[in-house]
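Here are the chains, one letter per residue:
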Amino acid sequence: MRPSEREPVIIVENLTARYGDVTILKDVSFEVFRGERFMILGGSGCGKSTLLKHMIGLLKPYAGRVIINGIDICRADEETLQAVRKQIGVLFQADALFGSMSLSQNVALPLTEYTDLPSDLIREIVRMKLGLVDLSGFDNHMPAELSGGMRKRAGLARAMALDPMFLFFDEPWAGLDPVTAAELDILIRSINEGIGTTMVFVTQELASILSLGQRVIMLHKEAKGIIARGTPGELREKSTDPRVLNFFNRHAM
Amino acid sequence: MEEKDMTGYRLSVEGKTGEEMTIRLAGRLALEDLKPLMADLQAIPGHVKPRRLSVDLADVEYLDSAGALALIELQNRASALSIPVDLLNVSEKDHGLLGLIDREVLQRPPLRPEIIRSPIVEKLGEIARKQYQDFQEIMSFVGELVTALTYCLVHPRLVRWADVTFYMKRAGADGLPIVALISLLLGLIMAFMSSLQLKQFGANIYVANLVTIAMVRELGPIMTAIIVAGRSGSAFAAEIGTMIVNDEVNALVTMGFDPTRFLAVPKVIAAMIVVPILTVYADLFAILGGLIVGVTGLDLTFYTYIQQTKSSITIFDFVTSLIKAVVFAALISGIGCQRGFQVKGGAEGVGMSTTSAVVSAIFLIIVFDSAFAIMLYYIRH
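For the protein sequence lines, the chains are A and B, in the order given. Position 179 of the first sequence, counted from 1, bears residue number 179 in this note's numbering, the numbering being contiguous throughout. Position 115 of the second sequence, counted from 1, bears residue number 115 in this note's numbering, the numbering being contiguous throughout.
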């Protein structure tokens with residue numbers, strides 16, 4: 001990557017997260033650059049989902065700040081926050097598709113709410129997005145009729161409805177078989193390379209970390225923060241920290 | 001020739017009409033300006049009828065999938081008029097984006113058509129079939145519930161008594177304030193309205209009879225049952241329905257529990273214990289309401305009012321009122337649990353089952369109350 005392209009678009013500064021009196025994360029700082037696939041790793045209960053919720057503005061930090069595209073989302077007013085949210089697409093772990101709406105209605109929802117496009121144009125955009133995730137033809141299917149992998153892709157199509165600059169993925173591979181997971185990897189890579197969307201993943205899926213991750217940070221429960229950063233390859237080959245090595249080699253502690 | 005300056009993008013057309021023409025695009029081709037961009041681009045091929053069209057993207061700063069869609073639609077429109085279109089100076093990044101969009105899927109019809117309205121006869125048939133199926137399901141649930149209850153009668157140790165007391169508190173103790181308030185007001189209103197009429201005949205004292213008989217024989221059990229249906233019947237349906245959605249009921253089955261015995265029996269037993277008690281409270285508070293009107297508005301003494309109340313009802317009235325309450329409790333809790341077990345799909349299914357639990361419970365209460373009214377009439381005479 002050329003140095004000029006290494007422009008930080010998400011900056012997390014000294015973030016401290018607490019639930020009540022329990023500190024989950026302490027003084028966490030990192031940057032995500034434009035167009036990269038960034039991964040947050042760690043075992044269960046290390047606070048990676050909490051960190052994600054802070055980055056998309058669902059939770060307010062106890063201390064520190066999160067800057068997305070130059071806007072401090074922890075101190076922004078509701079209107080600014082709303083504008084930032086339109087730049088963000090999130091694929092939730094349990095796909096979060098609205099069960100009472102068909103796929104096309106799910107994808108069309110943000111378009112009908114946030115734009116004044118006529119319905120035939122919206123239908124066309126919906127078709128294009130469903131085509132992007134290999135679900136063309138499933139416009140009028142209900143989420144309950146689809147398999148897990150298809151629902152994940154439909155969730156991705158909805159997350160991309162407004163052409164967001166950032167896509168956040170919470171455990172996108174959870175519950176998928178290895179073949180479907182690998183197909184999702186290919187799809188995510190093609191979208192990342194084709195559209196240039198900045199992607200942040202929260203995951204513990206080793207195979208996908210190694211195949212997709214460009215830069216990773218690893219969190220740890222006891223450390224309440226980052227214990228390693230770098231490319232997945234570096235961490236696996238060169239790390240001396242037993243916690244990192246055990247994670248990458250699937251050893252029990 | 002023609003210069004357009006919109007918020008995000010700029011568009012200019014060069015070349016002679018009917019000859020080779022070039023469209024120069026610059027700025028942001030993005031979702032927020034899709035409508036004007038689409039309109040501008042679509043108008044060009046038909047309007048100027050060029051022999052060949054080139055689109056120069058050299059000055060485009062940002063292209064998203066919506067902008068790419070507009071370019072592809074321009075190509076489709078031009079090719080319908082058999083005008084070849086070339087995209088010039090496409091950056092590497094935009095090339096990737098254009099490559100991602102599958103042109104063919106934009107035209108492809110959905111695998112399944114949108115749901116269209118079926119004719120009325122078909123709809124009627126569907127409704128009738130569903131009603132019949134619903135009736136079958138209720139009957140089979142009644143069978144299961146009766147089996148489970150009988151089993152628990154023989155093996156009382158197998159009942160989850162901790163759950164029973166929990167639901168007794170939920171459905172009974174927690175519901176007492178609202179039952180008491182509504183009954184008190186009902187007593188006040190009945191006494192007040194009837195006193196307006198009875199005063200004219202100097203029959204003030206019969207206000208006590210009227211309130212007591214109406215409340216103990218009919219309104220007490222019915223009002224209490226309706227309040228419990230709204231508070232607890234719906235809660236039972238929502239609780240079990242959510243457990244169905246989350247696979248919790250399947251988990252129970254795989255662990256070897258009978259879901260009816262595990263989930264429904266404690267609720268039904270709890271309701272059958274507390275609803276009669278609530279009914280007694282409802283009767284008492286309604287009589288208190290009548291008493292307030294009688295003593296303050298009708299110049300009756302406390303003692304005469306109570307004496308008159310006592311003489312107006314029999315033990316038979318009181319006992320049948322309690323039996324009714326027990327039956328209503330079984331109906332409310334039974335239908336609540338049954339609707340919960342019936343849930344299909346997600347959040348919407350839970351909402352529908354909750355509504356249906358309350359509506360069905362109220363319907364059954366009224367039907368059974370009518371049956372009781374006729375039965376008790378023949379027993380009395």
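In short, the hints are calculated from the structure, not lab data. Heads up, a few of these hints could be off.
Stated by the list, open to error - Derived BS3-like pairs: lysine-lysine, alpha-carbon spacing no greater than 27 Å straight-line: (1) 224/A with 238/A; (2) 60/A with 26/A; (3) 123/B with 86/A; (4) 344/B with 86/A; (5) 310/B with 123/B.
Said to hold, decoys possible - The following residues of chain A were derived to be distant from chain B, with all beta-carbon distances above 12 Å: (6) 53; (7) 125; (8) 145.
Said to hold, decoys possible - Stretches of chain A that chain B covers, calculated by requiring three or more beta carbons in the stretch to come under 8 Å of a beta carbon on chain B: (9) 166-178; (10) 185-199.
Note that the coordinates shown come from a computational prediction; the quantities given were computed from them, not determined experimentally. C-beta: ideal position from N, C-alpha, C; glycine also.
Hint check:
Proximity of residue 224/A to residue 238/A is assessed by CA-CA distance (about 23 Å); at most 27 Å being required, the pair is judged to hold. Taking the CA atoms of residue 60/A and residue 26/A, the gap is about 14 Å. The hint holds against a cut of 27 Å. Between residue 123/B and residue 86/A, the direct Cα distance comes to roughly 42 Å. Violation of the 27 Å bound is thereby established for this hinted pair. At roughly 33 Å between alpha-carbon atoms, residue 344/B and residue 86/A are farther apart than 27 Å, so this suggested pair is violated.
For the suggested pair residue 310/B and residue 123/B, the alpha carbons sit about 55 Å apart, so the restraint of at most 27 Å is broken. With 12 Å as the threshold on Cβ separation, the claim that residue 53/A sits away from chain B holds: the shortest Cβ distance comes to roughly 21 Å. Not every C-beta of chain B lies more than 12 Å from that of residue 125/A, the closest at about 6 Å, which undercuts listing it as non-interface. The beta carbon of residue 145/A sits about 9 Å from the closest Cβ of chain B, which is not more than 12 Å, so the claim that it is off the interface is violated.
Beta-carbon proximity to chain B at under 8 Å applies to 0 residues in the segment 166-178 of chain A; the threshold of 3 is not reached and the given coverage is violated. Counting residues of the segment 185-199 of chain A whose CB lies closer than 8 Å to any CB of chain B gives 6, which reaches the minimum of 3, so the coverage claim holds.
In summary, the structure is inconsistent with hints 3, 4, 5, 7, 8, 9 from the numbered list given earlier, while agreeing with the others.
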